[in-house]
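Trainee: Sequence:
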Amino acid sequence: MLFQCSKNIDDILEAIRKGEKKTIQACVSLNTLPPEREWKGGYKVLNVALAYKEYEIASILLNKVTSVNNETGRPERTPLHYAATDNRTDLIQQLIEKGADVNAIDEHDMSPLHYAVILDNFETVALLMDNGASADNVTDLMFRFTPYQHACRATKSQILECFLDHGSNVNDVFELPDNLICPKRSTPLHMAITQKNLETINLLLDRDADVNHVNESKESSLHLACREDSAEVVKMLIEHKAKINVKTKDNITPLHIAVRNGNIEIVEYLLICGAATDCQNKQGKIPLQLAVEQRHVQIVDRLLERDPTADSVNNRKAFKKALLEYGLRSDIYKCFVRRGFVPTPAEISEVAFAAVTKGYFHIVESLLEMKCEDNLLLFAARNDIGDTLLHSATKTRQHDIVRLLISRKADVHAINNEGNTPIICAIENNDEHIVKTFLTEGVEAARSFPLLLHTVIQTKRDKSRRLLELILQQSAADVDQRDDELEGSTALHLVCREAMKCDVELADLLLRKGANVNAATNQGTTALHMAASRKDGESMLRTLLRFDPQLDLRDHCGNTPLHLACSNACTKIVGVLLDAGASINVKDNLGKTPVDVAIGVSQSLPPRQDANDEAANMHAADVNESVKLLQEHVIKLDVAKLRLSQQNWRQVMAQYENYRIMCENELVELKNYEINSYVSLHDVLMGNAKKIVRYTREENAKSSLELMLYTRKYPIYGNMIDNMKKVVMREYVVLKAKEAINSLTGYGLPDACTENIFEYLRVKDMRNLTLASTMHLDSA
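Residue numbers (my numbering): 3 to 782.
If you are wondering where the hints come from, they were derived from the structure by calculation, not from laboratory data. Treat the hints with caution; some may be incorrect.
[What the hints assert, rightly or not] Below, simulated DSS-like cross-link-like pairs (lysine-lysine); rule was C-alpha separation at most 30 Å, straight line:
| hint | residue 1 | residue 2 |
| --- | --- | --- |
| 1 | 100 | 55 |
| 2 | 186 | 284 |
| 3 | 186 | 100 |
| 4 | 158 | 243 |
| 5 | 284 | 251 |
| 6 | 537 | 515 |
| 7 | 220 | 186 |
| 8 | 237 | 284 |
| 9 | 323 | 284 |
| 10 | 336 | 360 |
| 11 | 630 | 589 |
| 12 | 220 | 319 |
| 13 | 55 | 20 |
| 14 | 589 | 574 |
| 15 | 284 | 243 |
| 16 | 23 | 55 |
| 17 | 537 | 630 |
| 18 | 220 | 251 |
| 19 | 66 | 24 |
| 20 | 249 | 198 |
| 21 | 186 | 249 |
| 22 | 284 | 336 |
| 23 | 66 | 23 |
| 24 | 249 | 220 |
| 25 | 438 | 411 |
| 26 | 319 | 284 |
| 27 | 515 | 438 |
| 28 | 42 | 66 |
| 29 | 55 | 24 |
| 30 | 23 | 100 |
| 31 | 515 | 766 |
| 32 | 66 | 158 |
| 33 | 515 | 589 |
| 34 | 20 | 46 |
| 35 | 323 | 249 |
All chains should be modelled from the sequences, with the hints used to inform the complete structure.
Mentor: Encoded structure:
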């Protein structure tokens, strides 16, 4: 049963979408289509039919449709666009006869001709062109091309031929917008070449296309053909008089492009046709240099065959490049050698430095295998800053090359313009790997680089711990080596000049490795002097004190560490030194004791003027606190009848009477505390070490002295007793050591000589001596 046609336009559209041809045929035959106010000439109905590819329905509707053009005022696809897209020339003919606009544009700014060209619908193109379709008056939104420009890139050459037959200019210059397809001022020939369409290119050449026209980048058709690797097109263009040596904006010739692409066929043809081999591009490179860079051996050989001039500047550059990148064993290098190229000493040196810097191990190795005289010249070569190859390899962290050079006897002692040897460069780089290589593979660091430790500390203070450990472990470096240029400073002095955490750690490391804690500079300054002169030196000072330094050594001005601490108002340092047993009786060259110095600083303080001056107030407080500590110490010594100079005794002030009473009471307690019937803690305080040793056994004295927390029980004299413990223990060790040395020498040394020996020995050394004697007796 036939659909009963209504006058509703929506029913008609629904029938079209469902492909109900009979329904539409009945509506047309019975003339029961919607009224004109809905029908509106049938434009929408026809458009929907073509959009759904219902061509038979569209053909039926065309008998009744009176409007075939878009009259909405906004771009959209028309029936002609749909017909052109599907190459329906029958419908196109009917639409044109009904007055369809062949140049109508849709929402993409594309005309029916655009779609026909892009889809290679030749028949549609011809029909539209015959009916007045414009070849170039509109561009699409996607490519910004006109139909003619699309035709130049079309697969079918007949399409372009159709345009040319309808009057399009074969040498038209397209002012294209910026895009990724073609540069501005390209011609039809340029666009055809990028598509590698030989039929289209032949067509354009037969129509007298200009083969030498250049686009905005000054690229000719020959440049484009070389870029597309199309040897056949290159030959066609040259046969049509294309210029061989034309240059782009960047001075690139067709030969440059062919060489870079590695197309030997095109290169050979261009050379046969007279291509120049000495043209330089914007980077100053000739084709030969590009061929070397791309490692095109055959092309290098052909180019050298054409121009084998060995003294040409650019040919030499290419030769050096071949030597640097590929080495003496490479086929490219051999190409040059066959043409008479021989590297000069300067070139070998230049290449060697470049290879080292870039880490080209095999190149450096091949250069070192050259004949003996060249090898010697290579090791003696220097760059602009006086670096040898070993310097350069070290600076650029080329570990394998460093090992290679050392194994070939490169001079590890060579000094560059900066005054550095290669190992110093490795230290400056903080390169543990290379430093270790120098130390383990034939370099006698202790002999060759006596100040190596100093260099590490000075150049990489904050990162030198690992390097110091490495040097001390891998070499026989003298930890107490003095640097005459730095007033005879040792490594420990350099570390103690600062008081950062890393310096304290380095000082501890050096001391554990045997550094002499009492070593003095040319000015008599010890590490303890340096630490004591800084307010932030407490951590460093305590580290030094762990290694039993002499507390009262004087510098050239007669200053002890305590003098310096008092002079700089280092209150905490003063307290630490006093607790450690530093003497307040030593006088400097001006006859002043530390007490005198502290009081002098106090008296020189300016009158207090600004209560808000925080720095000045803190300094004054430190000075006064230092004076107080020293004066209390004077009273403590005086009460205990310990050694106290008259000069210091006079400094005792009446306001410390209470403190004096406290000292006297604690002293009574010390006398009452007996280690045994003969020895009391008072004896320890008074330093009667020999008496203690005589009347106690070592084990009893040691347990009694070490178990008591004297500083807590005896807050005034506890530290002094603590310091005397070391003296007592040392006396025991000395006694045993005397027995040991007498045993080992058969009592052959005078007592005075033995005493002198012990003055220079540490407790640890004397214990080892005792152990050695015991082992000797056991073996005997």
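Trainee: All hints are to be evaluated individually against the structure, with a verdict given for each.
Mentor: Okay, the hints, checked on the actual structure:
Of the pairs offered as hints, the one joining residue 100 and residue 55 holds, with about 20 Å between alpha carbons and a cut-off of 30 Å not exceeded. Taken as a hint, the residue 186 and residue 284 pair is honoured in the structure, with Cα atoms around 21 Å apart against an allowance of 30 Å. Among the hinted pairs, residue 186 with residue 100 is inconsistent with the structure: their alpha-carbon atoms are about 40 Å apart, more than 30 Å. With a C-alpha separation of about 26 Å, the suggested pair residue 158 and residue 243 falls inside the 30 Å cut-off, and the hint holds.
A distance of roughly 8 Å separates the Cα atoms of residue 284 and residue 251; the hinted pair therefore holds under the 30 Å criterion. For the suggested pair residue 537 and residue 515, the alpha carbons sit about 27 Å apart, so the restraint of at most 30 Å is met. Of the pairs offered as hints, the one joining residue 220 and residue 186 holds, with about 10 Å between alpha carbons and a cut-off of 30 Å not exceeded. Using a Cα cut-off of 30 Å, the hinted pair residue 237 and residue 284 holds, with the two alpha carbons roughly 27 Å apart.
Simply put, residue 323 and residue 284 have alpha-carbon atoms about 18 Å apart, close enough for the 30 Å limit, and the pair holds. Between residue 336 and residue 360 the alpha-carbon distance is near 22 Å, which keeps this suggested pair within the 30 Å criterion. Only pairs whose Cα atoms come within 30 Å are accepted, and residue 630 paired with residue 589 is accepted, the gap being roughly 19 Å. Between residue 220 and residue 319 the alpha-carbon distance is near 27 Å, which keeps this suggested pair within the 30 Å criterion.
Distance restraint check for residue 55 and residue 20: the Cα-Cα separation of roughly 11 Å lies within the 30 Å cut-off, and the hinted pair is therefore satisfied. A threshold of 30 Å between alpha carbons decides the hint, and for residue 589 with residue 574 the separation of about 21 Å falls inside it, so the pair holds. This hinted pair checks out: residue 284 and residue 243 have alpha carbons roughly 26 Å apart, not beyond 30 Å. A C-alpha spacing of about 12 Å is found between residue 23 and residue 55, which places the hinted pair at or below 30 Å, so the restraint holds.
In summary, the hint linking residue 537 to residue 630 is supported, as the alpha carbons are separated by about 17 Å, within the 30 Å threshold. Distance restraint check for residue 220 and residue 251: the Cα-Cα separation of roughly 6 Å lies within the 30 Å cut-off, and the hinted pair is therefore satisfied. Taking the CA atoms of residue 66 and residue 24, the gap is near 15 Å; set against the 30 Å cutoff, the hint holds. Only pairs whose Cα atoms come within 30 Å are accepted, and residue 249 paired with residue 198 is accepted, the gap being roughly 22 Å.
Of the supplied pair hints, the one linking residue 186 and residue 249 holds, its CA atoms being roughly 17 Å apart against a limit of 30 Å. Restraint check for residue 284 and residue 336: satisfied, since their Cα atoms lie roughly 28 Å apart, inside the 30 Å limit. A C-alpha spacing of about 15 Å is found between residue 66 and residue 23, which places the hinted pair at or below 30 Å, so the restraint holds. With a C-alpha separation of about 7 Å, the suggested pairing of residue 249 with residue 220 holds against the 30 Å cut-off.
About 17 Å separates the Cα atoms of residue 438 and residue 411, which keeps this hinted pair within 30 Å; it holds. A hinted pair counts as satisfied when its Cα atoms are at most 30 Å apart, and residue 319 with residue 284 qualifies at roughly 16 Å. Between residue 515 and residue 438 the CA atoms are separated by roughly 18 Å; this keeps the pair inside 30 Å, and the hint holds. Of the pairs offered as hints, the one joining residue 42 and residue 66 holds, with about 11 Å between alpha carbons and a cut-off of 30 Å not exceeded.
Distance restraint check for residue 55 and residue 24: the Cα-Cα separation of roughly 16 Å lies within the 30 Å cut-off, and the hinted pair is therefore satisfied. Distance hint between residue 23 and residue 100 is fulfilled; the C-alpha atoms sit about 22 Å from each other, no more than 30 Å. The hinted pair formed by residue 515 and residue 766 meets the criterion: a straight-line CA distance of about 14 Å does not exceed 30 Å. Proposed proximity of residue 66 and residue 158 is contradicted: the alpha carbons are some 37 Å apart, above 30 Å.
Using a Cα cut-off of 30 Å, the hinted pair residue 515 and residue 589 is violated, with the two alpha carbons roughly 33 Å apart. Taking the CA atoms of residue 20 and residue 46, the gap is near 16 Å; set against the 30 Å cutoff, the hint holds. For the given pair, residue 323 sits about 24 Å from residue 249 by alpha-carbon distance, which is consistent with the 30 Å threshold.
In this structure, the earlier hints numbered 3, 32, 33 are contradicted, and the remaining ones agree with it.
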